[in-house]
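A.B. asks: Sequence:
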Amino acid sequence: RSDSNKYPRPALSSVHPCVSADGLAAFRAFLKTEFSEENLEFWLACEDFKKTRSAAKLASKAQRIFEEFIDVQAPREVNIDFQTRELTRRNVQEPSLSCFDQAQGKVHSLMEKDSYPRFLRSKIYTDLLSQTQRR
1425 RSDSNKYPRP ALSSVHPCVS ADGLAAFRAF LKTEFSEENL EFWLACEDFK
1475 KTRSAAKLAS KAQRIFEEFI DVQAPREVNI DFQTRELTRR NVQEPSLSCF
1525 DQAQGKVHSL MEKDSYPRFL RSKIYTDLLS QTQRR
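Under our numbering, think of the first position of the sequence shown as 1425, with each following residue one higher.
Hints listed in this document are in silico derivations from the structure and should not be mistaken for laboratory results.
Treat the hints loosely; a few may be bogus.
To be verified - Each pair of labels, with its calculated beta carbon distance range:
hint : residue 1 : residue 2 : range
1    : 1480      : 1558      : 44 to 54 Å
2    : 1487      : 1559      : 40 to 50 Å
3    : 1529      : 1478      : 16 to 26 Å
Ideal Cβ placement from N, Cα and C applies to all residues, glycine included.
Turn these sequences into a full structure, and let the hints guide you.
C.D. replies: So, in structure tokens, the structure goes:
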């Protein structure tokens, strides 16, 4: 039985920056060690995108997110299946606040099932808990 089992296991949704800037920073640092921080960055970009109120900005933001994270050979390409990539490509051509929902959901699920459980067992997380408990 590892020491991390005695700590509460927060849900991945608690990574949202409104919950804890320290938790978000720790998860981001962990993902960098695994070379998969693009997943969190994409998820956060989608959350920011959903707050866009200007129709003029919607198209340019959608295109920027698509080119950075979704397109094949994107600089920070996230790991999603072909169907999701193509659906997102079509959605971005006529962007709406929900055009990234399926891709964001796939990336969230991947983090929740893969990266996040490892994060909860990591030294980065246990160090964060120690700091939090001392406050």
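A.B. asks: Each of the hints needs a verdict: does it hold here or not?
C.D. replies: Hint-by-hint comparison with the structure:
Distance hint check: the CB atoms of residue 1480 and residue 1558 are about 47 Å apart, consistent with the given range 44 to 54 Å. A beta carbon spacing of about 42 Å between residue 1487 and residue 1559 agrees with the range 40 to 50 Å that was offered as a hint. Checking the proposed 16 to 26 Å range against residue 1529 and residue 1478 shows it holds: the Cβ atoms sit about 25 Å from each other.
Comparing the model with each numbered hint stated earlier shows that all of them hold.
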